[in-house]
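There are 2 protein chains.
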Amino acid sequence: MLKEKTTVLKFGGTSVADAECIKRVCSIAIREAESANLIMVVSAMGKTTDGLVKLAKDFNSLPEGRELDMLLSTGEQVTASLVAMCLHEMGYAASSLLAWQSGFITEREHNQARIAKIKTERINEHLAKGEIIVLAGFQGITECGEVTTLGRGGTDTSAVAVAAALGAQKCDIYTDVDGVFTTDPRIIPEAKKLDLISYEEMLELASLGAKVLHPRSVELAKKYNIDLSVRSSFKPEDKGTRVIKLSEVQDMELTQAVTGVALDKKQAKLGFMGVPDTPGIASKIFKTLAENNVSVDVILQSVPREGIIDIAFTVNQDYLQKAIKISKELALEVKAAEVVHDDDIAKISIVGAGMLNKPGIASEMFTALYDADINIQMITTSEIKISCIIDLAQAEAAVKVIHEKFNLAQPVQEIIV
Amino acid sequence: MLKEKTTVLKFGGTSVADAECIKRVCSIAIREAESANLIMVVSAMGKTTDGLVKLAKDFNSLPEGRELDMLLSTGEQVTASLVAMCLHEMGYAASSLLAWQSGFITEREHNQARIAKIKTERINEHLAKGEIIVLAGFQGITECGEVTTLGRGGTDTSAVAVAAALGAQKCDIYTDVDGVFTTDPRIIPEAKKLDLISYEEMLELASLGAKVLHPRSVELAKKYNIDLSVRSSFKPEDKGTRVIKLSEVQDMELTQAVTGVALDKKQAKLGFMGVPDTPGIASKIFKTLAENNVSVDVILQSVPREGIIDIAFTVNQDYLQKAIKISKELALEVKAAEVVHDDDIAKISIVGAGMLNKPGIASEMFTALYDADINIQMITTSEIKISCIIDLAQAEAAVKVIHEKFNLAQPVQEIIV
Chain A
1 MLKEKTTVLK FGGTSVADAE CIKRVCSIAI REAESANLIM VVSAMGKTTD GLVKLAKDFN
61 SLPEGRELDM LLSTGEQVTA SLVAMCLHEM GYAASSLLAW QSGFITEREH NQARIAKIKT
121 ERINEHLAKG EIIVLAGFQG ITECGEVTTL GRGGTDTSAV AVAAALGAQK CDIYTDVDGV
181 FTTDPRIIPE AKKLDLISYE EMLELASLGA KVLHPRSVEL AKKYNIDLSV RSSFKPEDKG
241 TRVIKLSEVQ DMELTQAVTG VALDKKQAKL GFMGVPDTPG IASKIFKTLA ENNVSVDVIL
301 QSVPREGIID IAFTVNQDYL QKAIKISKEL ALEVKAAEVV HDDDIAKISI VGAGMLNKPG
361 IASEMFTALY DADINIQMIT TSEIKISCII DLAQAEAAVK VIHEKFNLAQ PVQEIIV
Chain B
1 MLKEKTTVLK FGGTSVADAE CIKRVCSIAI REAESANLIM VVSAMGKTTD GLVKLAKDFN
61 SLPEGRELDM LLSTGEQVTA SLVAMCLHEM GYAASSLLAW QSGFITEREH NQARIAKIKT
121 ERINEHLAKG EIIVLAGFQG ITECGEVTTL GRGGTDTSAV AVAAALGAQK CDIYTDVDGV
181 FTTDPRIIPE AKKLDLISYE EMLELASLGA KVLHPRSVEL AKKYNIDLSV RSSFKPEDKG
241 TRVIKLSEVQ DMELTQAVTG VALDKKQAKL GFMGVPDTPG IASKIFKTLA ENNVSVDVIL
301 QSVPREGIID IAFTVNQDYL QKAIKISKEL ALEVKAAEVV HDDDIAKISI VGAGMLNKPG
361 IASEMFTALY DADINIQMIT TSEIKISCII DLAQAEAAVK VIHEKFNLAQ PVQEIIV
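Going down the list, the sequences are from chains A and B. Taking this note's numbering, the leading residue of the first sequence gets 1, the next gets one more, and so forth. Taking this note's numbering, the leading residue of the second sequence gets 1, the next gets one more, and so forth.
Hint data in this document are derived by calculation from the structure and do not stem from the laboratory. Watch out, some of these pointers could steer you wrong.
When chains are identical, the list treats them as one kind, so a pair holds in a single copy or across two.
Cross-link-like lysine-lysine pairs, in silico, DSSO-like; alpha carbons within 27 Å at most [unchecked claim]:
#: 1; residue 1: Lys47; residue 2: Lys57
#: 2; residue 1: Lys129; residue 2: Lys57
#: 3; residue 1: Lys117; residue 2: Lys223
#: 4; residue 1: Lys23; residue 2: Lys57
#: 5; residue 1: Lys405; residue 2: Lys54
#: 6; residue 1: Lys23; residue 2: Lys265
#: 7; residue 1: Lys117; residue 2: Lys284
#: 8; residue 1: Lys57; residue 2: Lys335
#: 9; residue 1: Lys222; residue 2: Lys54
#: 10; residue 1: Lys129; residue 2: Lys239
#: 11; residue 1: Lys223; residue 2: Lys193
#: 12; residue 1: Lys245; residue 2: Lys223
#: 13; residue 1: Lys405; residue 2: Lys235
#: 14; residue 1: Lys245; residue 2: Lys235
#: 15; residue 1: Lys192; residue 2: Lys5
#: 16; residue 1: Lys266; residue 2: Lys400
Just so we're clear, the structure is a prediction, and the values are computed from it rather than from any experiment.
Full structure from sequences and hints, please.
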C-alpha cells in the first residue's frame, strides 16, 4: 500500500488561519498525495499561540515551562484534528497524530526542546493504510512522557525532522510569502524572489532576522540533505524558493556575489569600557554570559591603548535586561570603568554563497553605507556573510542603498567564471 | 510524603469559566490539600466544548469520532494547565496530567467511551512529591493509544473513577448549583436543597433529566461506595448534597416517601398502531431499535382488542428521526396499520427511597395530576420511581402540583416508623 516516494508538507499559522485556508491546504495535500505517501505538519491557527501565551499571563506572571508547553501544544492539536476532518469531508482517509503518538522524542528543555529522535513506527502504520497523516507540529514529548514544545517557529523543525526520519524526498514549507527574497519586500518593494538558495545562505538569513524559516529547520535540512522549498499556500502553482546544497548552487554558476540583505532590529549593544588589558578578560565575560543562557552575537574588542581596552557585544533585546544585570556584576570583577548599553541599533547583513570567490564585496558594502552617511559601529564577518551594526534610525535607508549597490532587484545574470 | 487521606475534587465548566473562577477553585483545593493528597479533575472552561463542536462543523458536517475526540480533548487540557499555573502562582507545587499520562484507559468507543481502568502509577509518583494533581477530565486513551472522550458530563465520571482507583475517601463534585434539589428551582422557586440522597435516587434523578450529576458517575460511585458530594464552587462553605448508600439513608429514618420531582422535556413518543397480536412483535421492534443504538425509555403495550394491539414507546428527541426511519421499515414487517409520533410530550417523575414502604404514593401522584386536569398518556414505575408521560404544555404545572402534593418545600420531618 506504501508508495515509493514520501513527501512532507508544512503549513504555518497563516496558511491554516481559518476554514477557507484549511480547505486550500487540504487541496494542496490531496494533489501531492496522488504520487507520494503524504505527511502534513501543521501549526496552530493564526495567532492562537500568542493568544494562549497571553491567557497564561492571567494566571501566572512567569508560567512554569512544563505547564506552558501543556497549554501551547493544544493549538497544533486543534489544527491537526480540523485538517483531518476537512480531508475526510473531501473524501480522503486521514489521521491526526500528536507528538506522543507520532513518537516525537525531545530532550527535556521545556519551551525550546530539541528533537532527539522520531519513533516512526506509528506514522508508518497509518501511511501503510493509505492515510494522509496530519502531525501536530511544534510539540514533542520527553522519554519520561512530559509534553515539550520546540520554541517559536518550531513547526518548521518538526517538518524537516520527520522528513529526515522517514527519508522523505521532499519537504515543502508552505507559508504566507512567495519564497525567500533578496531583502524584506516591505522595506524594498523591488526585492526579488530567489529561485534557489543554499542551506548556508538560508541559515545566515534565518539567523539574521529574515523570519521565513526557523534556523534549526535549515540546519537539520542541511545535515540530512533534505530537498526543502519555501512556498506560498496562497499561490500553490508557484515553485517558491528551493533550498539546496552550497556546492550545487555554486556548480550552477548562477551565483551572484550577494544573495540577499537581511535586517535585524532586535539587537542591543553592551560595552565594558576602560577595562585593564589582562589575559582572560574576554573569556571571563563571555563564559559568564553563556552560563546564564545569554547568546552573544557580534563581539568587538578594541586595540589596547595605555593598557586599557573596551569590549563591546550585541545581544537580542529580549536578553538585554538580564545581560545588563550580569555585566554590572562582572564590571567589578574585571575592573571596568563603566558598562554602557544602547538598544537603538540594528544589524544589517549581506549574505552570499559567491562572496568567498569575489574579493572587495566588504569594501563595496562599507562604501555604500559611507556614501549614504551611515556610520558603522561594529563589523563581523563569516565566509558567506558580512554584518554591520548601525544606528536604528538609519536601518531601512541602509537596506535600500545596499540592495541597490549589489543590483539585487535585477534578474540573476549567468556568471561565466 | 504521602498523606493518609486522598481527596478528589471535580470542577465543572462554570466553576472554571474564567481567571476569577479558577482562582476560587484553587483556593478550595489548597484548603483541602492541607489534610489530604489532592487530585483536581477539571472540565473545559465555560462553553468551550460547545464552541469546539461548532468549529468542527465548519470542516465536516459529521466529524469522525476519532478526530472529534482529538479536538474536544484540548478543552480540558487548556484548563488543567491554567489551573496548575494558578496553583504555582499561589505558591503550591502542582502538575497537570493528560489522559495518556495519568493512565486513563477506556474502550475504543469514540465520543462516549467507558473507562476500562486507570493505571495510577504516574499519579502516585506526582502525589508522592507533594504535588496537587490537576487531571484533564472527560478524556481517555485506548490501549492502542487513541484519544477518546467519555461523552457529555464525562468529567464527573473521570473524577469518581480516579477516586475509586486511588481508594480516595471523598469525591466532591463542584458545580454552579448549591446541590441536589427536590425539583428544578427554576420551575419551583420553593424547591428545597437535599442534604442527603441515596445513589439509587440520585441515579433516577440523573437519568430523568436533573443534570446535576452524570448518571455513569453515580453508578460508579455506588459500585465503589465513594463518598460523593455535590457542592457549589461559588459557596464552598456550604456542604451541598451528600450522596450515600440507600441503606444508610433508610437507616437514618429521615426518609420522606418522595425525595424529588424530575422533569424531562427531551422525550418523544412513537406508536405502532393496529398491529396484529402475534407472539414476538414487541421483541422484534425493540431488538431492532437496540441494534441501531436507539435507547428506548417508557414502553406501553395495549390490551389486545379483536386480535389487534398498539405498542407505544418513548425515546430521546435526539434519536427521534432515526427511530421514525427504523419504525417505518419495521411497520411493514409487523403489519402495523400506521406509525405515529409526537414530540410535544414530557416525562414527569417522582423519586424516593421511602416509596417502597409507603403504599399509595402512585395514586397520590395520579390524583394530583387529575385534580389539575393533566392527562396521563403513559406510566412506568421502578422500586423508587414513578414516571408519567404528559402533554409538554402542562409539564411545569405538573411539577408544581406534585411538588406541593408531597410537601417537598417543607423541612424534612423525622419519621418514626
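Here is how each hint holds up against the structure:
{"no.": "1", "hint": "Lys47 with Lys57", "result": "both (16 Å within a copy, 21 Å between copies)"}
{"no.": "2", "hint": "Lys129 with Lys57", "result": "between (43 Å within a copy, 26 Å between copies)"}
{"no.": "3", "hint": "Lys117 with Lys223", "result": "within (14 Å within a copy, 44 Å between copies)"}
{"no.": "4", "hint": "Lys23 with Lys57", "result": "between (33 Å within a copy, 13 Å between copies)"}
{"no.": "5", "hint": "Lys405 with Lys54", "result": "neither (43 Å within a copy, 55 Å between copies)"}
{"no.": "6", "hint": "Lys23 with Lys265", "result": "neither (36 Å within a copy, 39 Å between copies)"}
{"no.": "7", "hint": "Lys117 with Lys284", "result": "neither (35 Å within a copy, 56 Å between copies)"}
{"no.": "8", "hint": "Lys57 with Lys335", "result": "neither (40 Å within a copy, 67 Å between copies)"}
{"no.": "9", "hint": "Lys222 with Lys54", "result": "neither (35 Å within a copy, 42 Å between copies)"}
{"no.": "10", "hint": "Lys129 with Lys239", "result": "neither (30 Å within a copy, 54 Å between copies)"}
{"no.": "11", "hint": "Lys223 with Lys193", "result": "within (25 Å within a copy, 68 Å between copies)"}
{"no.": "12", "hint": "Lys245 with Lys223", "result": "within (10 Å within a copy, 66 Å between copies)"}
{"no.": "13", "hint": "Lys405 with Lys235", "result": "neither (31 Å within a copy, 72 Å between copies)"}
{"no.": "14", "hint": "Lys245 with Lys235", "result": "within (25 Å within a copy, 66 Å between copies)"}
{"no.": "15", "hint": "Lys192 with Lys5", "result": "neither (32 Å within a copy, 69 Å between copies)"}
{"no.": "16", "hint": "Lys266 with Lys400", "result": "within (19 Å within a copy, 69 Å between copies)"}
Going down the numbered hints, you'll see the structure goes against 5, 6, 7, 8, 9, 10, 13, 15, while the others check out.
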